[in-house]
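Asker: Residue numbers (the working numbering), protein chains in the order written: chain A, 8 to 152; chain B, 13 to 145.
These are calculated hints, taken from the structure and not from any lab test.
There may be inaccurate statements among the hints.
[Stated by the list, open to error] If we take Cβ atoms under 10 angstroms as the criterion, some of the chain B residues that face chain A in the derived model are:
no., residue
1, Phe17
2, Asn19
3, Gln33
4, Ala35
5, Ile37
6, Ala43
7, Asp46
8, Gln125
9, Leu139
10, Ser140
All of these numbers come straight from a predicted model, not from anything done at the bench.
All C-beta atoms, glycine included, are put in the ideal place defined by N, C-alpha and C.
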Amino acid sequence: MGLNRIIDIAGSGMNAQSVRLNTTASNIANAESASSSAETVYRGRHAVFAASYNNMLGHPDTRSAGDQSSVGVSVLGIVESDAPLQMRYEPNHPLADEKGYVYYPNVNVVEEMTNMISASRSFQVNVEVMNTTKQMVQRVLTLGQ
Amino acid sequence: MAINFQNALGTYETALRLRSQRAEILSSNLANADTPNYKARDFDFHAAMQSAMRTTEGKAGLLTTQDRHIEAGNSSLGVDLQYRTPTQPSIDGNTVDEHIEHAAFMENSLEFQTAFTLLNSRFKGLLSAIRGE
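Could you put the whole structure together from the sequences, leaning on the hints where they help?
Answerer: Shown next as structure tokens:
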């Protein structure tokens, strides 16, 4: 029955969005984490999503190989942003280097906020899909009653 | 006179199966709303239902005269998956329009419930016929 697979698909979507929310939370929390060198400063992190086609979520593909109707989401990994770091001239800062510069992360807080809203909306949509599917399965269980 | 389940239940069983398959495809679209390069997919329910009904009526079946002939018109409900034309294409190659997919998913689940209710009423009819009430 295809309905059980929908719960897996929505679950994979929720998982991916929660990873994205996690990285966004780290980025916002560390937006002002200063460092004394470009190597040690925090860099913005972003999750990379990919559609996972065959054999998704441990289901053996019982149908034909050309049938790719159930497509979940997988998180391929987390990449660090290579946007330019912020160098600020703050000679009195305890972490300032010998030239008086302090390195700040390359996190754009406005961008992260929009990311957060987008991730939480997508999460909600997946929850709704799961709820609707639950109702459909429960209806089917009452067949003939 | 024997009760024939195939005739009594009608096409609702096929409709339910197609509806659950469409729900699966639409939920994949919604889950991949933020996946780069994912293309939203769907199928034409009307056409799929028509071809499924033709198959169950046996009109589209092809004659197999040898063992190595592949049987056409089986009951596996093969649907013709198509790609959706995006109304607002995004820069990352994703063609999922979340609101359209959401609306389609809701509509599909309502139609699922409709088909289910009608199928259930067929079962109730059979039951009362068997009981002779």
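Asker: Please go over all the hints and tell whether each is borne out by the structure.
Answerer: So, going through the hints one by one against the coordinates:
{"no.": "1", "hint": "Phe17", "in the structure": "violated, 12 angstroms"}
{"no.": "2", "hint": "Asn19", "in the structure": "violated, 18 angstroms"}
{"no.": "3", "hint": "Gln33", "in the structure": "holds, 5 angstroms"}
{"no.": "4", "hint": "Ala35", "in the structure": "holds, 6 angstroms"}
{"no.": "5", "hint": "Ile37", "in the structure": "holds, 5 angstroms"}
{"no.": "6", "hint": "Ala43", "in the structure": "holds, 3 angstroms"}
{"no.": "7", "hint": "Asp46", "in the structure": "holds, 6 angstroms"}
{"no.": "8", "hint": "Gln125", "in the structure": "holds, 6 angstroms"}
{"no.": "9", "hint": "Leu139", "in the structure": "holds, 7 angstroms"}
{"no.": "10", "hint": "Ser140", "in the structure": "violated, 12 angstroms"}
Hint violations for this structure: numbers 1, 2 and 10, all remaining hints satisfied.
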